[in-house]
Every structure is written in C-alpha cells, then in structure tokens.
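Chains A and B supply the protein sequences, listed in that same order.
Every number in this note's numbering is 28 more than the matching position in the first sequence, counting from 1.
Every number in this note's numbering is 51 more than the matching position in the second sequence, counting from 1.
Misleading hints may appear alongside valid ones.
[To be verified] Taking lysine-lysine and the DSS-like style, the derived pairs with C-alpha atoms no more than 25 Å apart in a straight line are:
#1 B:258 with A:308
#2 A:135 with A:152
#3 A:170 with A:152
#4 B:322 with A:308
#5 A:136 with A:170
#6 A:170 with A:135
[What the hints assert, rightly or not] Some residues of chain A that are not near chain B, with every Cβ distance over 10 Å (derived):
#7 122
#8 134
#9 148
#10 157
I should point out that these hints are in silico values taken from the structure, not numbers from a laboratory.
We treat Cβ as the ideally placed atom computed from N, Cα and C, and that holds for glycine.
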Amino acid sequence: MRTGQTEWLGAGPAGTAVGPALEVRDVSVSYLTKRGEVRAVEDISFDLGRGEFLGIVGESGCGKSTLLFAIAQLLSAPAVLNGGSVVFQGVNLVGLSDDQLASIRWKKLSLVMQSAMNAMNPVKTIAAQFYDAMRAHGVRSKAEITERSVEVLRMVGIDPVHLRSYPHQLSGGMRQRSMIAMALLFTPDLVIMDEPTSALDVVAQRSLMIQIKELQQQLGFAVIFVTHDMSLVSHFSDRLMVMYAGQIAELGATRSVFDTPRHPYSAGLLDAFPSIRGPKVPLTGIPGSPPDLARQPDGCRFAPRCPRVHDACRQRPVELLSVDGVQVRCLLRGNGAIQGD
Amino acid sequence: MTDDLRASGQPLLRTEGLTRHFRIGGGLRRETLHAVDDVSLEIGDREIVALVGESGSGKSTIARLLARIYRPTHGEIYFQGAPLSKLRSRSDVLRYRSDVPMVFQDPFGSINPVFRVSHGVQRSLKLHRPQLSAAERTEEARRVFEIVGLTPAAGVLSGYPHELSGGQRQRVGFAQALAMHPKLILADEPVSMLDVSIRIGLLNLMKQLRDEQGVSILYITHDIASARYVADRLIVMYAGQVTEQGPVEDVLAAPRHPYTQLLLSAVPDPKAELTMGAGTDRGEPPRVIDPVPGCRFRFRCPLAMTGCHSQTPELLELSPGHDVACLVAQSGAEVMAF
C-alpha cells in the first residue's frame, strides 16, 4: 500500500474508536412512477466513523444522490423510503418531524450541493445568506453572526470583503468555497457533499479538494463525498463505496479498492479512462449501457456488461460479502474462480 | 484534391491572427472582452488536434469561429488555402458547412425529441446533398449509422431519441456529421457529459473516423488525459491565446510552458503520488477584459520575470513542431514551475 507525501494522508480516521457518527441500515428508496416502482437504492448499510472521509462513486442512475437525500431525510414524492434506519449520533433520523430535523440539520449535519449557482440565492449577498442560515437556527446577535461569517470565509480562503458580493460576482471556485463556508457556520459533525467540484476546472478542483481535506483534519467533521470521478477521491477518502444500479458493488479502504479492485465494475471504472502518464494502451471502457433501474436482471445487476460473467451470475441475486475487510457483491470474490454458495 | 494539398504542404485548415472580441457593458462603462486574441493554428489532413484549456480560455469561441457562427474581429481562416471571408454565395457557404460540420457537447439538447432519429440526418442530406434520391438518402443514413456503431441501423433510425442513451445520442451526432462527407469535424467537448464508462467508446470512434474515413477532428476538451489518448497534436490555450502546441507526446512528456505544467500537475491520478505543487494555485480564471500588454499568465506564474509584465510573449518554435509562448522558456532556461 502506498502512503502519500503529506501528513494527513498517513493519518487514519480520527477517533473512530469512539463509535460511528452515522449508522445507515438497510436503506431502500423507490420512485413511484407511471411505469411502476423504480428501486433506486436497495438495502444499503454502512457505518461512518467520526472524522472519517467516505467517497461514494458511481455513474448516473446508480442511486448515489438518492442515497444522500435519504441520509439527510430530504426525499420528496415520488421518492419513498422503503424502510431502514439512519442513526446519526444515536438518533434515528427516519420518522423525525420537520421541527426535530431542523435542530439537527445545518447545526450538526450540513450539505454542500453540486451547483452553487443554483443552490445560492442570486439576489442576496453572501452575508445575507449566511445571516438567514444562522437566524433560522436561533442565533439572534448580529455581531455574532458577522463575526462567524468572517471567520468561516477566512477558513475557506476567501477575503471577507466578499461578504458584500452577490453569487454572480464570484468565480465558480469561490462560489463552491462559500457554499462550504456556509456549511461550516455551526461546526457540524458531518458534511455531505454531492459532486461539489464537478463544475470546476482541474486546477480549481484540485485546490478545493485539498482545502476540504485540510478543513476536515482541522475541525474533525466526517465527510460523505459523492462523485462520478473515481480518481478524484483517490488521495482523499479513507474508504470508498462503489455503487452500481442502486446497490453497493464494493466497499472498502480506498487504497485497497484502487490497488486490488475485487468487483469487475470497480476494475472497469479504473481502466475506463486513460492516464496522462505511462505507456499509451488501447482501452475499451465498459461495454453496454448504464442500467435501467425499472428493468433489472434477476441475477447480478452488472452481469449484462460484465467481462467475466458466468452462468451462475444470472441465476439469482448476489449477496454482499466481506473478503479481507472489503465488502464485495460478486461471485468471484476477487478470485479468478466462481465460488458456489 | 487532398493529395494535391498534401503535396503542396498546405494544411487542411489554417488560421492567421484569429481574434474575436466582445463588447460588454453599456453607457459609460464600455469594455471589451478578448475571448480569442491573435491565434494562428493549423489542422492537417487526417489529424486529430486537441484544443485544451480551462473555462474562459476561448476554446469554444474558436470552434464557433471555425463553424462561422461568429465572424472574426480580426484575422482570417483559410480552408484548403481559400480565405473564408471571401465566401459569398449561399452554395459556397453550404459547401463549407458540409466540409466542416460540428458535433455539440450536450447530447440531450442537440437532437430534436419529437422527431424520429432519422429526421436530423435526412434533413442535412436533403440540404447538403440534394442530388440524392429518397432511397439513396435512406441507404446513406443507414451506412453512416453503421459506421458509428449504431446497429441495427434501420431500427435505431426509426426509433425516437428518448430510446437512446447519452453515448448513443452522441454517436448520432457523429453520424449526422459523417453523412455530409466532411473533411474536418469540430467536436466541442463531445464526451464531457457522458458517463465515465462509455466515454472511451466515443474516443475510439473518433480515432476510427480518422483512420478509416480520413477525416480530421478538432477535439475541444478540458480533459488532458483524453486528449493524450485520442489526439496527434495538442494546442493549449490560456486567456484567449495559444500558450503551447506540439505533438501530443512531446508536449506532455516535456511541457515547457508553466501553465501546461500546472494543468498536468492538477490532473488526478490514482496511480501516482499526490503532488502538492499545484495546491497553492486556486485556479482562478484570468481576466480578459481590456487586458494590458504582458504575459496573461504572469499573475499565477512563480517564474514571472520583469519582462513578463510588459512584453506579450510570442509563440516560437523551441524544438521541431513544439511551440511555446513563454519568455522564460524562450530565454533558454529550464522551466520547472509546478
């Protein structure tokens, strides 16, 4: 296993021993459509340690954003939660009223969305939006709000003069940074990020990732980071979850998934895109089309596109099983041969 | 025709001092945005040229200038040696558009959802190749759909766009371009909206079109890794100007411009160690409104010298086919900025 040059890469998740910050158990979400029920997320369970950085990767339609919404209890019709529990700091968020959730959201659990341009109010200054968020959570003192706003903007490396700016006056990178600043107004224990860097250029993207990781190390919050670009989180996440067609395909330590992917889909994603270094090799990508959630195959969901598919794969659903500390949903279990149950 | 061109050493398409400015603001606050400034580039026969740069670097403006969606503020575009500003008659313009078609970024916005898939390709065949009969048009549509891998072609053509995935829609875009017997396809970020696992299929298609159909492609992208995979030559743009260009492996193995080095260092690579060099650069886009003389990258460049603040560097050939617009590199010093 490789270790990085920077200090925080060597450090494991801080204080995991204290117990998980988040326990997700058997979460399933369906969308009720005219064509029938579409099962977007199926039986997802995982624990997130305090201060841990979990990366979730997958293609469009794999259910990664739906899972985030289920965790934050932000699902709205036609999406319905079909059971399961989301226990955050000992409290099951499922079934809580809006008032009860309001006392947790933003204070202890905050969200950073994909498009800052759409997530921010275009006719209000950054200061006014920070003010609204803090007022809504019971902070009354204007001086206190201003002081905290200046503080969080400095944390993300933005000059506090931009409190007077409107979102359109900021660059894409600065908008995403101020979204992150806003998420940190009340030192949360968990920050959920849905592709926060996907609208940025590579240089801005790299800079933002390093900033997120530094803040996380400094403040100790846990991160769930959703992305479609697996290589983006390779140096930043402690664990990596690869999702396919609403299920966990593989979940394990990031370096382990990158060095020895045990699911053919993870391996395919890793080889799907060219590198800027090393010899140039012809690539084929993953054949076939992304899955249609309304029409799922009976057996392994990845079977129609899998280069190592076997008769047994098509017969019945494949269980998620643990192999050397990595959970993997594949009959191969990381070995060459197909194993019987 | 193309053989004559190759014999004469004439590139397929060439621009000379291509410039496009936009007036912004009104009243007393009148400013000029320099989207593209003094760009001279060449695209050869059967060549894939990748044009890379970050948002706001002017790469899409170049595509629109070459597609004649915008007219240049200054400068000229020569296609097969003939200046485009001299195109007068409708038939000349149509001819150019069929020689140089465009494939767009958004496969969901570029196909009309209420018509069958065949509609787009049939329309362009009617317009650009009016000599074909209805039966020949259907035959031709099938032929190009098969080339781009949309099989069974007849089935795909009679279906509707919503039945196709993003990758298949983008193949429709290339098939429509191919139906015109093009010489050069302008592809503006053709894979950036597709899922990672199917992007490579489109890149392979572009190579196949070059090798088997003999078309050239201008591949516009912000993704250097895909540019390396597919392109023969690389042009790097920053703030409306070309900063470095050359054979793709030469430029990537030994980038001479600090900006190219910054771009390369920021590409996430799970197989390599994380380099922190680029971490200090915020990636703030350059200001190209009423720029003053001097290198446009100087504010982000750790190697900037006094000369960089007053003198705009020219693009000079530093090794065969490898041009760099950087005063530091041109002074003979080794550039190791990031």
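Indices of hints not satisfied (ascending) = No numbers; nothing is violated.
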